[in-house]
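K.L.:
What follows is each chain in one-letter form.
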Amino acid sequence: MKILIVEDEEALSESMVQYLSREGFVCETAYSLDQAAEKIELYLYDAAIVDLALPDGDGLSVIRKLKHIAAATGIIIVSARKALEDKIRGLETGSDDYLTKPFSLPELNARLKSLIRRRHFGGNNEIIFREIRVNPYSRQVFVSNRETHLSRKEYDLLLYFLSNIDAVLTKESIAEHLWGDYVDSADSLDMVYSHIKNLRKKLAGPSDAGYIQSVYGIGYKFRSL
Amino acid sequence: MKLLTKASRTYFLVSLVVFLAASFVFYFIIRSVIYREIEDRLLLEKHDFELFVRKWKHWSDENFFVENKIQVVALQGSEINQQIVFKDTLMYESFEGEAMPFRQLTFQTFIDGQPHLVSIRKSMLEPITIIEVVTGTMMTFLAILLVCLFFIHRRLSKTLWLPFYESLARIKAFDWTRQTGKEEEVTFPTGEIQEFNELNLALTRMTTQICHDYRGLREFTENASHEIQTPLALITARVEQMIQSENLSGEQLHWIQEIYHSSRRISRLLESLLLLSKIENKQFTDVAEEDLAASAEQKLDDFSDILKHKRIRVEKKLKQPFRLHMSHALQDILLSNLLKNAIRHNHPDGVILLSSRNGVLEISNTGPDLTVPAEVLFERFRKESGDKESLGLGLSIVRQICDCYDLRVTYLYEKPFHKVMIMPAVVTSSAPEEQAPVSGTVNS
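As you go down the protein sequences, you meet chains A and B in turn.
FYI, in our numbering the residues of the first sequence are 36 to 260.
FYI, in our numbering the residues of the second sequence are -14 to 429.
This is chain A alone, in the form it adopts within the complex (with noise of 0.2 Å):
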């Protein structure tokens, strides 16, 4: 899978490609809107993400050029600006996804995976991880082919985590990715508490594998072992 990271911060950029490569994604950079549309012209790519506030100009033409070249391009804006009329501005000019910065790379990186699912595969390909099965088409999820009944934040919480396996989940994104900044106090930390424990009970099958780790202080990780 080959994106585009258009960013000009190049620090933040890097740090992107750095998190994104690990999860096999090829990562192409550009700082400005020139390279950007430098870029476009010579390759396709499989998503974008896109910064708005770029040093030579506003980053929705680069959407525009996209939308234009290539339109089976999925794009995620990137910006600084929070308010609900940049979000509404940036969807109905082609992105399929806003995110705000600061953002967690594992959101993002949850965001492509999901963005790419829906692009490319109608959303219908099945996510296996050892013994666990996903379909994210009807939302049901197999433990050694035995359906689970998971709540929907459970399987929000397990998705997040088979996007990123092997990665350590701060407390915080975990309960942004969940609830969005709806909450943001000690009551939803102590959710994630009590969603984890819940998840890693209709997970241990016969194998009892023990998947998430938790990691002290800080959050947790889903082991591949």
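Worth flagging that the hints you see were computed from the coordinates, not collected in a lab.
Hints may be right or wrong, so weigh each one.
To be verified - Where chain A lies over chain B, by a calculated footprint (3+ residues, C-beta under 8 Å):
{"id": "1", "segment": "223 to 231"}
{"id": "2", "segment": "248 to 254"}
To be verified - Under the rule of at most 20 Å between Cα atoms (straight-line distance), these lysine-lysine pairs were calculated in the PhoX-like manner:
{"id": "3", "chain 1": "B", "residue 1": "54", "chain 2": "A", "residue 2": "117"}
{"id": "4", "chain 1": "B", "residue 1": "72", "chain 2": "B", "residue 2": "31"}
{"id": "5", "chain 1": "B", "residue 1": "295", "chain 2": "A", "residue 2": "188"}
{"id": "6", "chain 1": "A", "residue 1": "188", "chain 2": "B", "residue 2": "293"}
{"id": "7", "chain 1": "B", "residue 1": "295", "chain 2": "B", "residue 2": "267"}
{"id": "8", "chain 1": "A", "residue 1": "100", "chain 2": "A", "residue 2": "74"}
{"id": "9", "chain 1": "A", "residue 1": "117", "chain 2": "B", "residue 2": "267"}
Because the structure is a prediction, the values reported are computed rather than measured.
Every residue gets a Cβ at the ideal spot worked out from N, C-alpha and C, and that includes glycine.
Using the hints provided, position chain B relative to the given structure of chain A.
P.N.:
Using the frame of chain A, we list chain B on its own:
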């Protein structure tokens, strides 16, 4: 009072005073002139009378054909008084058949060595008529003049002040939040009156400055958000990469956790402060009719997880809608903040009460005792609970939003309930919105 009304009223009052005073003075001047004339004539006649008497040694009424003109009465004794007395008197005149006004000169003189009292009279009928006619004519002309001046003044004022009213209308219509481009600043017409031109110049300078400042402020908030959130995004990203490494000590993990936490906190703080200044700058200009009661009920669904988690019971008493014209985004923030507070400062197995009746929207929740006066909770960075996550800006934002839409927000602690009540401020400039029908009852 309108400028024209005020000017006209003053003009009218001054005119009336001038008119009355002028009429009065005029009347007395005319009168005194005519009286002096008559008295001079009477003195002349006295002189003639004395010449006649001196020559003929007697006086006879038959000499005159007008009756009562000169009356001579013999006096007792041998002394006379030299005094001359003028006075007004009424005499019966046989010609007209009624009493007529006369001016009378009375003096004492010797006729043939005998003292006599002599009264010479002159009819005042004509002079009085003259006084009346002249004064009346003058008054009429003066009145006509003043009335004409009054209308000319009104007419003139209207045309003279026209540029002023034009400028006034433009400045009233001036909305700096709408001025986004460079050239759409308000323009004021230039006319021939220097003062108005100066006023318009000053207004133009002011509005331009306001637009300029407002744009600057707007850009600042947008840029500040971008310039600060991007480095914060980098910190968060780097921390997330760092924690992936296996060989971190417990202490290092703790530090990293603190860095991560603080950067997230700065980000949220910045967002809230920018939001506050955006509300203050009136940058939310979209307006739609919103029913806060229904929205609050809907919003509770977003919190269903945490409500279930904390086992908080929600009671709804939505007797009537709470309709308001406001920005949708601000409505969302307002209700979010209030409900978040109601959940965060609640204890497990607590209660949240959502009610809307008699034009008051109330969100109350159970929770620990209040340790500070309720009013200070609306101040910035005021935290009541020991919750470290709380920024202490939630209620300030609520207050700011309420101020924007002339709403009054009150915090009340009536054990065990913390109540936040929102209602229209007492002095509503516009007419009451509507009488909510009781049939619209939304009860849980």
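K.L.:
Evaluate each hint against the coordinates.
P.N.:
Outcome of the hint check:
Counting residues of the segment 223 to 231 of chain B whose beta carbon lies closer than 8 Å to any beta carbon of chain A gives 5, which reaches the threshold of three, so the coverage claim holds. By the rule of at least three residues with a Cβ nearer than 8 Å to a Cβ of chain A, the coverage given for the segment 248 to 254 of chain B holds, with 4 such residues. Straight-line distance between C-alpha atoms of residue 54 of chain B and residue 117 of chain A comes to about 112 Å, which puts the hinted pair past the 20 Å bound. For the hint pairing residue 72 of chain B with residue 31 of chain B, the CA-to-CA distance comes to about 15 Å; that is within 20 Å, so the pair holds.
For the hint pairing residue 295 of chain B with residue 188 of chain A, the CA-to-CA distance comes to about 16 Å; that is within 20 Å, so the pair holds. A distance of roughly 13 Å separates the Cα atoms of residue 188 of chain A and residue 293 of chain B; the hinted pair therefore holds under the 20 Å criterion. Between residue 295 of chain B and residue 267 of chain B the CA atoms are separated by roughly 37 Å; this puts the pair beyond 20 Å, and the hint is violated. For the hint linking residue 100 of chain A to residue 74 of chain A, the alpha-carbon distance of about 11 Å falls within 20 Å, and the restraint holds.
The hinted pair formed by residue 117 of chain A and residue 267 of chain B meets the criterion: a straight-line CA distance of about 17 Å does not exceed 20 Å.
In the structure shown, a violation is registered for the earlier hints numbered 3, 7, in ascending order.
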